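A.B. asks: Make the full structure from the sequences, and use the hints.
There are 2 protein chains.
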Amino acid sequence: MGEIPGLRERKKLRTRHALIAGALRLFLEKGYEQTTVSEIAMAADVSTRTFFSYFASKEEVVLCNARESLDHILRTFAERLPGESPADLLSRAVEMIFEALADDERGWEIAEVNRLVMTVPSLRAQALLLMFDAQHRMVDALQRAFPGELDAIEAAAAVGSVIGAAKLGISVGLKQGGPSQEVIGGCRRAVGLALAGLRAVAPFES
Amino acid sequence: MGEIPGLRERKKLRTRHALIAGALRLFLEKGYEQTTVSEIAMAADVSTRTFFSYFASKEEVVLCNARESLDHILRTFAERLPGESPADLLSRAVEMIFEALADDERGWEIAEVNRLVMTVPSLRAQALLLMFDAQHRMVDALQRAFPGELDAIEAAAAVGSVIGAAKLGISVGLKQGGPSQEVIGGCRRAVGLALAGLRAVAPFES
DNA sequence: TGCAAACTTACATCACGTGTACTTTTATGG
DNA sequence: CCATAAAAGTACACGTGATGTAAGTTTGCA
Numbered sequence: 041m042g043e044i045p046g047l048r049e050r051k052k053l054r055t056r057h058a059l060i061a062g063a064l065r066l067f068l069e070k071g072y073e074q075t076t077v078s079e080i081a082m083a084a085d086v087s088t089r090t091f092f093s094y095f096a097s098k099e100e101v102v103l104c105n106a107r108e109s110l111d112h113i114l115r116t117f118a119e120r121l122p123g124e125s126p127a128d129l130l131s132r133a134v135e136m137i138f139e140a141l142a143d144d145e146r147g148w149e150i151a152e153v154n155r156l157v158m159t160v161p162s163l164r165a166q167a168l169l170l171m172f173d174a175q176h177r178m179v180d181a182l183q184r185a186f187p188g189e190l191d192a193i194e195a196a197a198a199v200g201s202v203i204g205a206a207k208l209g210i211s212v213g214l215k216q217g218g219p220s221q222e223v224i225g226g227c228r229r230a231v232g233l234a235l236a237g238l239r240a241v242a243p244f245e246s
Numbered sequence: 041m042g043e044i045p046g047l048r049e050r051k052k053l054r055t056r057h058a059l060i061a062g063a064l065r066l067f068l069e070k071g072y073e074q075t076t077v078s079e080i081a082m083a084a085d086v087s088t089r090t091f092f093s094y095f096a097s098k099e100e101v102v103l104c105n106a107r108e109s110l111d112h113i114l115r116t117f118a119e120r121l122p123g124e125s126p127a128d129l130l131s132r133a134v135e136m137i138f139e140a141l142a143d144d145e146r147g148w149e150i151a152e153v154n155r156l157v158m159t160v161p162s163l164r165a166q167a168l169l170l171m172f173d174a175q176h177r178m179v180d181a182l183q184r185a186f187p188g189e190l191d192a193i194e195a196a197a198a199v200g201s202v203i204g205a206a207k208l209g210i211s212v213g214l215k216q217g218g219p220s221q222e223v224i225g226g227c228r229r230a231v232g233l234a235l236a237g238l239r240a241v242a243p244f245e246s
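Chain order of the listed sequences is R and P.
Going by the numbering used here, the first residue of the first sequence is number 41, and it counts up by one from there.
Going by the numbering used here, the first residue of the second sequence is number 41, and it counts up by one from there.
Think of the hints as simulated: they come from the structure by calculation, not from any bench.
Because the structure is a prediction, the values reported are computed rather than measured.
Take the hints with a grain of salt, since some may be wrong.
[What the hints assert, rightly or not] Calculated cross-link-like contacts (lysine-lysine; reagent style DSS-like; alpha-carbon spacing at most 30 Å):
1. Lys98/R to Lys70/P
2. Lys70/P to Lys98/P
3. Lys51/R to Lys98/R
4. Lys98/P to Lys215/P
5. Lys98/R to Lys52/R
6. Lys98/P to Lys215/R
7. Lys70/R to Lys52/R
8. Lys98/R to Lys98/P
9. Lys98/R to Lys70/R
10. Lys98/P to Lys70/R
11. Lys70/R to Lys215/R
12. Lys215/R to Lys98/R
13. Lys70/P to Lys52/P
14. Lys98/P to Lys52/P
15. Lys215/P to Lys98/R
C.D. replies: Written out as structure tokens, the structure reads:
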């Protein structure tokens, strides 16, 4: 059975990439609201209707990469390493996110997308929704990783506080400008503070 | 000059209330997406265009009360009580939110709105956006309340972890059903865990 | 009573998003 | 190599949310 992608699949992937790249270029050129879906479709040489068979909404074309990264991280987040405490597991998850943000050769693109998401309210809202649902999955994973040791509220407190600190740390760092290395450094410090707190409290210490 | 509201103001308030009440009734009756703005306007005996002079969007008519409550809380959050630590101040803010959620005589309406917001994705996204921006204001207020004692990252870590724990605590509690008193109890426990952590870390202890 | 400002309305317009039927392209089997 | 079926893409129509504009109506005030 077809280990080779096949012409059909390859064409789909090419169209999808053309839509994403064209959309991003247009958004950065003339602004998100000022760009219509019809223009994005024309730039990729497809019909407007076809755009919506690839992406459910105009926001999705910006956030689909972030969604995929999140999915990947959450899959590897599922299993607990031997001897790992809840705080350790969360720390490892956040480090995975940092790596996805920083180490890519697409660092420039990621930074541009971040700026776009932060400045466009509807994108910010969708991104927050994405992260909120991801946190629910993290709560489930954390409870499964420590069966009988954490109830739902304790898991929610752990995930919510660490990811909450990370989100606001990134956002505050971005708002006051500065190089992205510094922003990540600030966020890492914020997460460190939240984790230090967690480790001092009974159910998470080890 | 006009201490008495005036006929014009009273009429505006009545129309506004009619729009909110009618919208909420329709949303609960036949669902959020299934209700059009035109129907809401007809129920309040105004034109569709007038609806948008009262509310910027369909979501706004659901979230305007929450927005006002948040604004009120953030105003009173501004000043630090004598001898209060950052953790104390945050604890007080969260308690204010709990009171706004629980003690009202409109408890039923608030619960219904919460259920609506949680089940409709676009409302959930807007609500998260509202809270995210509120957290930024809390970071500013916290820094102003403790000048020279907290930098931006420390303030972000404190606000983000406590509010993050509260949000996820509420959401997890709501998801697994149960009476609203119990949900608030669970959230209070989640916040307590995050606060206990904060209090154990240097910049927030007292 | 009459004027000015605020409010409301009807109308036009645009973009997002979806349903549907039709055409084109790709895969497969004789 | 062609015929057929499945998949993808297209054209078209439509509903809804949201905004601009210019007129009409109500209110406050002199």
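A.B. asks: Each hint should be assessed against the structure and marked as holding or not.
C.D. replies: Do the hints match the structure? See the list:
no.: 1; hint: Lys98/R to Lys70/P; in the structure: holds (27 Å)
no.: 2; hint: Lys70/P to Lys98/P; in the structure: holds (15 Å)
no.: 3; hint: Lys51/R to Lys98/R; in the structure: holds (21 Å)
no.: 4; hint: Lys98/P to Lys215/P; in the structure: holds (25 Å)
no.: 5; hint: Lys98/R to Lys52/R; in the structure: holds (18 Å)
no.: 6; hint: Lys98/P to Lys215/R; in the structure: holds (29 Å)
no.: 7; hint: Lys70/R to Lys52/R; in the structure: holds (27 Å)
no.: 8; hint: Lys98/R to Lys98/P; in the structure: holds (19 Å)
no.: 9; hint: Lys98/R to Lys70/R; in the structure: holds (15 Å)
no.: 10; hint: Lys98/P to Lys70/R; in the structure: holds (27 Å)
no.: 11; hint: Lys70/R to Lys215/R; in the structure: holds (22 Å)
no.: 12; hint: Lys215/R to Lys98/R; in the structure: holds (25 Å)
no.: 13; hint: Lys70/P to Lys52/P; in the structure: holds (27 Å)
no.: 14; hint: Lys98/P to Lys52/P; in the structure: holds (18 Å)
no.: 15; hint: Lys215/P to Lys98/R; in the structure: holds (29 Å)
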